[in-house]
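There are 2 protein chains.
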Amino acid sequence: MTSVINVNLPEQSYEIAIAPGSLDQLGEKMTGLQLGKKVLVVSNPTIFKHYGERAINSLKTAGFEVASCILPAGERFKNLNSIQKIYDAALENRLERSATIVALGGGVIGDMAGFAAATWLRGISVVQVPTTLLAMVDSAIGGKTGVNHPQGKNLIGAFHQPRLVLIDPEVLKTLPVREFRAGMAEVIKYGVIWDAELFAQMEASKHLNQLRYIKPELIETILIRSCQAKADVVSKDEKEAGLRAILNYGHTIGHAVESLTGYRLVNHGEAVGIGMVAAGQIAVELGMWQKEETERQNALIQKAGLPTQLPSGVDIAAIIDALQLDKKVKAGKVRFVLPTQMGVVTVTDEVPADTIRQVLQAM
Amino acid sequence: MTSVINVNLPEQSYEIAIAPGSLDQLGEKMTGLQLGKKVLVVSNPTIFKHYGERAINSLKTAGFEVASCILPAGERFKNLNSIQKIYDAALENRLERSATIVALGGGVIGDMAGFAAATWLRGISVVQVPTTLLAMVDSAIGGKTGVNHPQGKNLIGAFHQPRLVLIDPEVLKTLPVREFRAGMAEVIKYGVIWDAELFAQMEASKHLNQLRYIKPELIETILIRSCQAKADVVSKDEKEAGLRAILNYGHTIGHAVESLTGYRLVNHGEAVGIGMVAAGQIAVELGMWQKEETERQNALIQKAGLPTQLPSGVDIAAIIDALQLDKKVKAGKVRFVLPTQMGVVTVTDEVPADTIRQVLQAM
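Just so you know, the protein sequences line up as chains A and B, in that order.
Take the first sequence: its position 238, counting from 1, is numbered 238 in UniProt numbering, and each next residue is one higher.
Take the second sequence: its position 14, counting from 1, is numbered 14 in UniProt numbering, and each next residue is one higher.
Each hint should be verified, as a subset may be incorrect.
The list cannot tell twin chains apart, which means a pair is met if one copy fits it or any two copies do.
[Claimed, not checked] Computed cross-link-like contacts, PhoX-like style, restricted to lysine-lysine with a CA-CA straight-line distance of at most 25 Å:
#: 1; residue 1: K303; residue 2: K215
#: 2; residue 1: K236; residue 2: K206
#: 3; residue 1: K38; residue 2: K49
#: 4; residue 1: K38; residue 2: K239
What the hints contain is simulated information worked out from the structure, not anything from laboratory work.
In this text, all values refer to a predicted model and were calculated from it rather than measured experimentally.
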């Protein structure tokens, strides 16, 4: 059975379709969207080995002409060089304005394929087929695309909404455990910022740190409720003028930690987990959130197998300096998303630097 | 006196302000647009030497914090490396989302500064201060931004409207004659596609090939009527869904010629002039346009000091092959804009390859 979540936007709305085995229906799902014949599948070697053939067969059966562009895996390749490779493939395969890029992979692939689609011929269509939990519940939805600058994450990018997001939960079976846990960080985030019921359901589960220990129904709930949360927020604020900022919960310090560890030692989800622990504690210090609720949050992060402490060797002064480079900085003030009760957050740029320092020192 | 032309768009409208000496009012004109304090001026060494200080003084007097990024001059530097340099300057000067990039220069600077603004932090403001005739009447207006791929012009880009276009006709005094003529190609284009009266006024002028031989009132008319033509078309079709295609008159073959000569031998305006001669003749061959009108067009192109023949050594088969790479290709068919009477054009993808070949061979 397919669960469909609509992302409603003024210029172009689209569906998030969630169904086991749906990878084989990719081509079929794309017909009816009035896309041109040419498709460029962008992926990485590991994912392409697992799922490339099925995706391509499905596209060909539906009548698409398919080429592929395989980029090296990993956040450190999320740069303009990789984008240049997609442009080269687009040129070689003569992608016209009616062509479509299909992003088959995790967040890195989705962000880069989306950015290339946003900027090739000033914008062609993109379809997101996320293969990691993180990409399924977060990065594939909402139209944020981009690459990293050597000195800061996602500093280069564009808003470019996909025409379709197709989620096949079965592909999570090949996802490494660490990557699964990284995705759980974003799921927990939705619980804290938007959906206290989702949070409670995860709390009630005995295990949360490996796919195979989690009931399939809970996985389904996690996917549906997380995508719904993201779709709700994005539909209300496509270009991050206001509400959408709440999705950055845990990301302010998270991005700094990720950047300072060279996008290697700590992955995005782990950094978000650490950032949520820090933000929760900042909220407690400022008297905005109850200590018991922070502890509930931190316990869930731990149950998901995620770190709750700063990686050793990361310099706290460097984190504070890196915060200034964050896209969310406004007039030099760092913007924080802070919880006030489970499922509700507020946005503030009034966090004293001393508080940030103290909280980080205690981690 | 300032002439103001409005570009009306659903999301963000803006003004084109034309006034002699207005470079010194840049800062003043930018206040009131609710821009942040930080401004990055992007320019090239020649233009910056002439006008950088005046622009920066004006901005500083109005209270802006100003940094600059100077890129090498020329179409061959319109690439991702130059964009990377703007990103680096943006990072170094900590440009936040509220910051503004000011493009001070010709079309190359405007396109690159616009693309960097479109993609830095997923989009910051850009103000266009065009210093060439071509940029004033064409590229600074309408939000098309981008860079070249080694194998094709403007293949990489984004739509990103400026917040203001400020035109100071006095800066044309330092524009090399060849560049002035290149701009006249686009002005003649507006005459042919949109404004038969503008065409007639230029026909009535004794000289058209050097700024100093043309009456100041005609220069003013040229700027105002050209900007108005561009604003009219862009307001009706921001993202090139239909009408805007007519602005590509002369550009189909023009882009191919420019690309095949390595963006050096023939500049953009010259290529457009050649492209208009070719397109006019194609229209005649297809029985769509009168021979006498083509001759009027070609005479005006010549009076502006522009070439009307293909540069020697350019391979016609290579031009025809290059047409396939054009952004305007749809399902493999090359789209041509063809005149039907002075001031009126039509768009067609039904031009036989043989006709294109014959016309080019006769040039």
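Up to 25 Å CA-CA - K239 versus K38, copy category:
between (29 Å within a copy, 21 Å between copies)
Between copies, within a copy, both or neither: which fits K38 and K49 at Cα up to 25 Å?
within (22 Å within a copy, 47 Å between copies)
Please sort K303 with K215 into within, between, both or neither, judging by C-alpha distance up to 25 Å.
within (15 Å within a copy, 79 Å between copies)
Regarding K236 and K206, is the shortest C-alpha distance of 25 Å or less found within a copy, between copies, in both, or in neither?
neither (34 Å within a copy, 59 Å between copies)
Checked against the numbered hints above, the structure violates only hint 2.
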